[in-house]
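Enquirer: Sequence:
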Amino acid sequence: MEIRLAEDLDHTYLVREYLQHFSPDFGEAKRYAECNLLWDRTLVIEEDGLILGTLSWGVREAIQSGIAQLTGLRIIPSRRRQGLGTRLLEAGFADMSAYFTARSTRLRQVYAFAPGDVLALPFLLKQQGFAPVIHLDNWREEGRTDWLYIHTCNELASCLGALDLGEAGTCLEP
Numbered sequence: 001m002e003i004r005l006a007e008d009l010d011h012t013y014l015v016r017e018y019l020q021h022f023s024p025d026f027g028e029a030k031r032y033a034e035c036n037l038l039w040d041r042t043l044v045i046e047e048d049g050l051i052l053g054t055l056s057w058g059v060r061e062a063i064q065s066g067i068a069q070l071t072g073l074r075i076i077p078s079r080r081r082q083g084l085g086t087r088l089l090e091a092g093f094a095d096m097s098a099y100f101t102a103r104s105t106r107l108r109q110v111y112a113f114a115p116g117d118v119l120a121l122p123f124l125l126k127q128q129g130f131a132p133v134i135h136l137d138n139w140r141e142e143g144r145t146d147w148l149y150i151h152t153c154n155e156l157a158s159c160l161g162a163l164d165l166g167e168a169g170t171c172l173e174p
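Note that UniProt numbering gives residue 124 to position 124 of the sequence shown, counting from 1, and the numbers run on in steps of one.
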């Protein structure tokens, strides 16, 4: 099993992911894939050539702010509850930290929005040190509830937990 940065060859997978989870609009799906490949950073976890999940994140505010947004975390249904989300989050924190460090600053905070109707994500976020900050009704769309979660990185170790960067950091260089 490997976690790596998404590359151009993953464009089709990202388009399909958008069409399945967000909207049937093909133009939007193409823009989503391009955003995840060009502006935000997307990690994929794959096994034997099959993508099992993705994590995407982006810098918010100016790079010196040290703020990142976790913009997506998805695992294919047949592989959920097997620790893949945790592995992606840990790799995501390592990637964020390396990205900010390479630009002479540090990762200070990571925030994420979690839909109120997805039960597993809040559990995973809390397990990784995120705290729920505010409950948002009708924010993204009418009748939908979301939660804003924030993880404050007081020091590098608080974001990386017990993760041994070892060789894993080599595939995620900024």
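Calculated directly from the structure, the hints in this document are not laboratory data.
Careful: at least some of the hints might be erroneous.
[What the hints assert, rightly or not] Calculated pairs, DMTMM-like style, for lysine to aspartate or glutamate (alpha carbon to alpha carbon, straight line, at most 25 Å):
{"id": "1", "residue 1": "K126", "residue 2": "E34"}
{"id": "2", "residue 1": "K126", "residue 2": "D146"}
{"id": "3", "residue 1": "K30", "residue 2": "E46"}
{"id": "4", "residue 1": "K30", "residue 2": "D137"}
{"id": "5", "residue 1": "K126", "residue 2": "D40"}
{"id": "6", "residue 1": "K30", "residue 2": "D40"}
{"id": "7", "residue 1": "K30", "residue 2": "E7"}
{"id": "8", "residue 1": "K126", "residue 2": "D137"}
{"id": "9", "residue 1": "K30", "residue 2": "D10"}
Enquirer: Of the hints given before, which are not true for this structure?
Expert: 1, 4
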